[in-house]
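**Student:** Now for the letters of each chain:
Number of protein chains: 2
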Amino acid sequence: MKFSINRDVLFTNLNNINKALSTKAPMPVLTGIKIDVKKNYITLTASNSEISIQAKIDDPRNLFIEEVGTIVIPGKYFIEIVRKVEAKTIDIHTFENNMVKILADRSNFTLNLLEKENYPLISFDESNLKISLDALNLKQIIRKTTFATSLSESRMILMGVSFSIDKHKLEAIATDSFRLAKKYIVFDHENPSINVVIPSKSLDELIKILDDNDEIVDIHFGKSKVLFKYKNLLFQTRLIDGVYPNTNSLIPQDFLVSIKFNKNELISSIERAALFTSLEVANIIKLNLKNDKIVEISSVSNEIGAVLEEIYPLECSNNIPFQIAFSAKYFLDAVKAFDSNEVTIHFTGEIKPFIITGEFDANLVQLILPVRVS
Amino acid sequence: MKFSINRDVLFTNLNNINKALSTKAPMPVLTGIKIDVKKNYITLTASNSEISIQAKIDDPRNLFIEEVGTIVIPGKYFIEIVRKVEAKTIDIHTFENNMVKILADRSNFTLNLLEKENYPLISFDESNLKISLDALNLKQIIRKTTFATSLSESRMILMGVSFSIDKHKLEAIATDSFRLAKKYIVFDHENPSINVVIPSKSLDELIKILDDNDEIVDIHFGKSKVLFKYKNLLFQTRLIDGVYPNTNSLIPQDFLVSIKFNKNELISSIERAALFTSLEVANIIKLNLKNDKIVEISSVSNEIGAVLEEIYPLECSNNIPFQIAFSAKYFLDAVKAFDSNEVTIHFTGEIKPFIITGEFDANLVQLILPVRVS
Numbered sequence: 604m605k606f607s608i609n610r611d612v613l614f615t616n617l618n619n620i621n622k623a624l625s626t627k628a629p630m631p632v633l634t635g636i637k638i639d640v641k642k643n644y645i646t647l648t649a650s651n652s653e654i655s656i657q658a659k660i661d662d663p664r665n666l667f668i669e670e671v672g673t674i675v676i677p678g679k680y681f682i683e684i685v686r687k688v689e690a691k692t693i694d695i696h697t698f699e700n701n702m703v704k705i706l707a708d709r710s711n712f713t714l715n716l717l718e719k720e721n722y723p724l725i726s727f728d729e730s731n732l733k734i735s736l737d738a739l740n741l742k743q744i745i746r747k748t749t750f751a752t753s754l755s756e757s758r759m760i761l762m763g764v765s766f767s768i769d770k771h772k773l774e775a776i777a778t779d780s781f782r783l784a785k786k787y788i789v790f791d792h793e794n795p796s797i798n799v800v801i802p803s804k805s806l807d808e809l810i811k812i813l814d815d816n817d818e819i820v821d822i823h824f825g826k827s828k829v830l831f832k833y834k835n836l837l838f839q840t841r842l843i844d845g846v847y848p849n850t851n852s853l854i855p856q857d858f859l860v861s862i863k864f865n866k867n868e869l870i871s872s873i874e875r876a877a878l879f880t881s882l883e884v885a886n887i888i889k890l891n892l893k894n895d896k897i898v899e900i901s902s903v904s905n906e907i908g909a910v911l912e913e914i915y916p917l918e919c920s921n922n923i924p925f926q927i928a929f930s931a932k933y934f935l936d937a938v939k940a941f942d943s944n945e946v947t948i949h950f951t952g953e954i955k956p957f958i959i960t961g962e963f964d965a966n967l968v969q970l971i972l973p974v975r976v977s
Numbered sequence: 604m605k606f607s608i609n610r611d612v613l614f615t616n617l618n619n620i621n622k623a624l625s626t627k628a629p630m631p632v633l634t635g636i637k638i639d640v641k642k643n644y645i646t647l648t649a650s651n652s653e654i655s656i657q658a659k660i661d662d663p664r665n666l667f668i669e670e671v672g673t674i675v676i677p678g679k680y681f682i683e684i685v686r687k688v689e690a691k692t693i694d695i696h697t698f699e700n701n702m703v704k705i706l707a708d709r710s711n712f713t714l715n716l717l718e719k720e721n722y723p724l725i726s727f728d729e730s731n732l733k734i735s736l737d738a739l740n741l742k743q744i745i746r747k748t749t750f751a752t753s754l755s756e757s758r759m760i761l762m763g764v765s766f767s768i769d770k771h772k773l774e775a776i777a778t779d780s781f782r783l784a785k786k787y788i789v790f791d792h793e794n795p796s797i798n799v800v801i802p803s804k805s806l807d808e809l810i811k812i813l814d815d816n817d818e819i820v821d822i823h824f825g826k827s828k829v830l831f832k833y834k835n836l837l838f839q840t841r842l843i844d845g846v847y848p849n850t851n852s853l854i855p856q857d858f859l860v861s862i863k864f865n866k867n868e869l870i871s872s873i874e875r876a877a878l879f880t881s882l883e884v885a886n887i888i889k890l891n892l893k894n895d896k897i898v899e900i901s902s903v904s905n906e907i908g909a910v911l912e913e914i915y916p917l918e919c920s921n922n923i924p925f926q927i928a929f930s931a932k933y934f935l936d937a938v939k940a941f942d943s944n945e946v947t948i949h950f951t952g953e954i955k956p957f958i959i960t961g962e963f964d965a966n967l968v969q970l971i972l973p974v975r976v977s
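Residue numbers (our numbering), protein chains in the order written: chain A, 604 to 977; chain B, 604 to 977.
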């Protein structure tokens with residue numbers, strides 16, 4: 604195996620597949636990157652038990668192939684070498700059967716290879732169950748939902764984001780049973796019916812290789828895995844097995860009072876009000892709508908002290924005095940998911956779930972369960 | 604106690620004294636900041652067992668004092684409050700004997716105070732044994748020496764930097780017995796004779812409150828502590844007790860061969876050569892001067908692989924073939940301490956200490972002990 608490659612192109616692609624590289628080694632060969640050198644292109648593959656990523660490089664301006672072959676190269680060290688060399692071109696060739704030489708300007712690296720026979724067979728499978736979405740929209744869906752998934756392994760299904768596709772609509776839902784994030788998008792063409800749950804962690808890795816543009820991502824749904832095709836990259840993750848709970852009835856439709864806030868003002872107030880509530884335990888703050896339509900946000904810690912914030916809402920649908928308590932962290936996560944400058948909180952009752960909406964986030968609802976305080 | 608203060612002025616000064624704030628609590632009251640409100644000024648004091656810092660604020664444009672008094676306020680929370688409020692002015696007053704109210708725009712914080720009677724008496728003592736130095740020069744001395752101090756408590760004296768002042772010269776020396784950093788400066792006036800050892804950690808904190816300018820720092824040397832007076836700040840640290848070893852004879856004067864390098868090229872080569880040597884263990888690399896005056900830098904790891912770097916020196920005093928091995932980390936620490944674009948390594952023998960100098964760092968010598976390799 605022997606080829607020369609543009610250093611920057613190689614480094615960019617190594618960074619992309621790096622997200623799937625195993626750092627721990629339940630299977631030591633997975634700490635390696637598989638390089639397949641074909642006649643006219645090379646592929647770089649990395650995989651852990653959850654996700655696999657493959658990058659294909661075929662631009663003859665950046666690549667010169669002299670001899671085909673396959674190696675599995677220690678991932679961490681290979682990436683560090685490419686990061687540290689300043690050469691324009693890097694030459695890579697195998698020698699003595701299980702070693703590789705990496706030459707770059709006046710640097711000469713020798714790396715012991717991993718056993719390529721031990722590398723698992725990874726098939727990146729396309730499917731007839733397929734939808735297409737632009738990168739920006741997919742990023743938005745992920746950003747606005749994954750934070751609400753559960754971290755607890757006691758209910759695995761809640762550690763993923765539910766994607767339900769039915770004809771013209773894709774609905775993404777995440778919940779840890781204390782809060783819920785729901786984002787949908789509407790297509791102008793018809794799609795197949797699909798119901799899958801994608802691990803939240805995989806989506807958080809996927810987002811890192813997507814740019815903020817309208818380049819198309821093709822999503823192929825398999826029985827136990829889903830494949831994202833984007834530019835020269837294949838990103839595949841396993842799915843979470845099981846039936847996602849029906850959450851439709853959770854989202855209230857009739858509201859007691861709706862209050863509109865400037866988003867950044869609200870975030871600052873909540874952050875100050877939560878200063879004394881430790882982030883590790885449930886950091887509960889109170890929201891109090893007073894007769895004069897001024898909103899008070901407050902918290903008390905017997906040990907440390909108390910905070911009382913006043914905030915003037917932009918609008919208030921009703922002036923019944925109203926009081927509710929909830930987790931500042933959940934609330935901040937939810938409000939920060941909005942792009943709108945103004946957000947509206949819709950309350951149903953003092954101990955009933957409430958929802959947050961934003962006028963420029965038409966297809967996004969964040970729901971939070973309040974807590975009962977004395 | 605009651606006063607109003609400009610938020611930005613308060614925040615800047617809190618950040619400065621923050622470096623001395625105790626985070627752990629062998630003495631819980633030291634997690635607090637002592638605020639002394641006098642008729643025309645306030646002081647903020649923080650202290651841990653090693654260092655104490657006091658900031659004085661007296662500019663009437665930024666401060667309005669209504670009632671004098673002293674409090675000890677929980678440091679971490681007070682700083683977080685001031686960081687998070689956006690108000691121009693903050694009002695602070697005590698109430699109910701052991702509480703303080705902090706008002707900023709529409710935010711209202713209540714904090715439980717710490718017992719001021721428990722706060723230790725900290726005297727910031729001036730001394731007749733005094734020198735003056737500009738901030739930039741003092742920063743340079745610290746930056747170019749502290750990294751070479753020992754981290755091991757087995758020889759406490761080596762955990763500090765030795766400052767020897769004799770008439771027109773100040774000499775700062777740090778060594779962990781494997782390497783040594785020596786920087787001196789020359790005064791045009793006469794100073795008292797002083798020999799002290801200042802904890803390396805304290806100097807690394809001091810550096811953070813010094814700006815890159817020529818504002819004067821007055822240094823007052825006491826029996827067991829040293830006080831730095833800089834702008835509106837007092838920074839005091841304990842000294843390390845004991846006699847610093849005499850290191851004069853360690854620095855070689857006659858050299859077998861001297862090799863001049865471009866500094867950045869040398870750093871890049873060494874960093875690449877050290878890629879496979881773990882930073883946790885002694886990361887040994889070899890330097891080999893060949894007949895053709897090309898320098899090879901190399902390392903081998905049986906497990907991972909090998910690196911061979913070639914570098915063309917700018918100058919070489921002699922062309923005897925020569926080989927030496929040393930810690931890449933120590934070497935990089937030392938070379939990075941130079942401001943010069945070109946550095947010269949002066950070798951005395953293959954298993955003898957060598958030194959590094961730079962033409963624009965006239966008063967700086969870095970010494971490194973090689974290691975014997977087979």
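Check before you lean on any hint, since a few could be wrong.
As the list makes no split between identical chains, a pair holds if one copy fits it or if it spans any two.
Stated by the list, open to error - Once the Cα atoms are required to be at most 30 Å apart in a straight line, the calculated DSBU-like pairs of lysine-lysine come out as:
1) Lys-893 - Lys-733
2) Lys-605 - Lys-889
3) Lys-866 - Lys-742
4) Lys-770 - Lys-659
5) Lys-719 - Lys-642
6) Lys-622 - Lys-932
Because the hints were derived from the structure by calculation, they are not lab data.
**Student:** If a hint holds in the structure, say so; if it does not, say that too.
**Tutor:** Evaluated hints:
no.: 1; hint: Lys-893 - Lys-733; verdict: neither (52 Å within a copy, 62 Å between copies)
no.: 2; hint: Lys-605 - Lys-889; verdict: between (66 Å within a copy, 29 Å between copies)
no.: 3; hint: Lys-866 - Lys-742; verdict: within (21 Å within a copy, 44 Å between copies)
no.: 4; hint: Lys-770 - Lys-659; verdict: neither (32 Å within a copy, 69 Å between copies)
no.: 5; hint: Lys-719 - Lys-642; verdict: within (19 Å within a copy, 78 Å between copies)
no.: 6; hint: Lys-622 - Lys-932; verdict: both (27 Å within a copy, 29 Å between copies)
When held up to the earlier numbered hints, the structure conflicts with 1, 4 and fits the remainder.
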